[in-house]
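Read off the chains here:
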Amino acid sequence: MTDQSDSANWSRRGVLAGLGAGVMLLAMPVRADDASVAQAITDTFGHTPRRDGKITLKLPPLAETGNTVPLTVTVDSPMSNTERVKRVVVFANRNPRPLIAIMTFGPKAATAEFSTNMRLSGTQDVIAMAELSDGSVWQTQVRVLVTVGACDTLQLRY
Amino acid sequence: MNRALVAILACAGIVATFAAVFASDQVPTQKPISGYDFMTTEVQQLQDDDFANPGLLWVEEGQTIWDDTKVASGKSCASCHGDAATAMRGVATRYPAYSAEADHVINLEQQINQCRRERQGESDFPYESEPLLSITALVSAQSKGLPQSVAIVGPAAESFERGKAFFYQRRGQLNLSCANCHEQHAGDHLRGESISQGQVNGFPIYRALWQTMGSTHRMFAWCNEAVRAEPYPAGSQEYVDLELFERWRGQVLKIETPAVRR
Amino acid sequence: MPNTRIRVPKTAKAGDAVEIRAIIQHPMENGFRLDSQGTAIPVEIITDFTCTYDGGEVFSVKLEPGLSANPYFSFYLKATKSGPVDFRWVDQDGTITTATEQLDVT
Amino acid sequence: MLLAPGMALAQAGIAQPLTDVPGDATRGKAVAVNSDLGNCSICHHIPVPEIPDGANGDIGPPLDGVGSRLTAAELRQRIVNPTTLDPNTLMPAYFATEGLTRVQTKYAGKTILTAQQVEDLIAFLLTLKGN
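Residue numbers (the working numbering), protein chains in the order written: chain A, 1 to 158; chain B, 1 to 262; chain C, 1 to 106; chain D, 1 to 131.
Simulated from the structure, these hints should not be mistaken for laboratory data.
In silico lysine to any residue, SDA-like type, Cα no more than 20 angstroms apart, as pairs:
id: 1; chain 1: A; residue 1: K108; chain 2: C; residue 2: G15
id: 2; chain 1: A; residue 1: K86; chain 2: C; residue 2: G55
id: 3; chain 1: C; residue 1: K62; chain 2: A; residue 2: S36
id: 4; chain 1: A; residue 1: K108; chain 2: C; residue 2: R7
id: 5; chain 1: C; residue 1: K78; chain 2: A; residue 2: T82
id: 6; chain 1: D; residue 1: K110; chain 2: D; residue 2: L37
id: 7; chain 1: C; residue 1: K78; chain 2: A; residue 2: M79
id: 8; chain 1: A; residue 1: K108; chain 2: C; residue 2: G56
id: 9; chain 1: A; residue 1: K86; chain 2: C; residue 2: A17
Because the structure is a prediction, the values reported are computed rather than measured.
Put together the whole structure using the sequences plus the hints.
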């Protein structure tokens, strides 16, 4: 059984370090690899060029049900009056509806960080994109393995 | 235990004494381990989070019900019992328990409904309804950290034996007993998922799969259907008996309500 | 009105980053579950969450069915002066749920 | 000797196929993997890319190389009703309906797999060669 004791603090860096240990969460090059997530991203950000980086995504390496997957997003920003994160958008590329939520940081936000719980319909990539006050868009994605529950065929009924 | 010896003792007229000793001498076949220990770190952290544990929403709703005087008798739970935090401390550890009024073993949900009928002049909260889950969660949460300690002797003995038999009875198209998985293979895996001992010390639980709270009986029915067996109705005596056996089987485990499970 | 829980520290020093947490009891029905008759249960979600303080917005969310039931958020507020921290959830049917907690800034 | 019939059966297995149509390994793989059908991976490791490591169960023996260890007749017996070999086995009988308790109404009197699915599954398992 995979040791998951560090999973809650799993960051992109931790993921890369953990690869050799055979952990089933992979940081991969960002790729909007299916039409619906590509469309959802275009709907949200238009065709603004996107660059990798600035975002740390904390997700468990393995989720036993996809119904409550804890997620923390932190964007590297001073959050000063002139240099801020305006919004963060989260996508899941294999969910039937890839757009998960749009988070906006107002003038009273101290840091560009939030936590929430999301749903994943199966093993897939979670993509976070951040739009900064200068208009630039940054992105990061990580893969989460969602194991299928033992008696999952009952899921619909219950 | 020697059946002939039982018969002899029965003939000697000391069967009641003997039955009590016999029952209380039973010990669980394995060291109880809470379902908590079979969960991933994220699930454990959600349970341990005294703010974000979603089950606390039901506990708070339970407090509203506890204080609600808008019932036929005009008496809230608090009117008779006082503060739930003190009055209900330890109560959940003792259920299911024999009720003289009902003349059989009842569980905590049924005790709450008995109170509702007799003290508040109201009808039962339906099994698995939000109010029953909420008030049960509130009462159970007051025993958090206390070990389960149900009585299986005296008038509860028959119920206990039936629950035990249920636990070991193979059933369903897949022909599996509770024990097949939760006793013989706890710690092993069904697909990628670790098998727990099926302990009930955290109920009602917030189950991620359900995305809501559920009772022991909902879980029993879910498991029964997983092996393609006809489930019993929530609140049935069969499930109350099984619940009694389950609580006894995890006798030393501390109440965790509201627990979070996958 | 759905149950909510919010957590705001009682006091903070001016300039502090203060952790705020909020949760609301809601199924966030995602439209993909079936009822016992096999019919899809329609989407029923909270669509908007906003936290405001000292005349401005702290953090807001446009929610989609991809968020979990009983949606939970934590984030950080910049303490400037004493006053209420206000929370507002909007259900897709228009129902508004609010909560508030006083923050004393020293 | 009490065990004799079972032991004889164990050696012989069930030689006679359940259907006239030979088993199809491709369909059989779906039977093995699909959680509504054989659902074998719930308890066994199956060496197929569809099931990533860690997503299979470990209650029963791995099925890696099972096609080199057991004959079609032996596999058939184990799938049809493994309790004929070991009355205490946890493995369900996939093509038998007797001796069950409180089967859910919608499954009552039905076998878990059809005869053809059993044959397909055997054909697939026989492709799992090696040690």
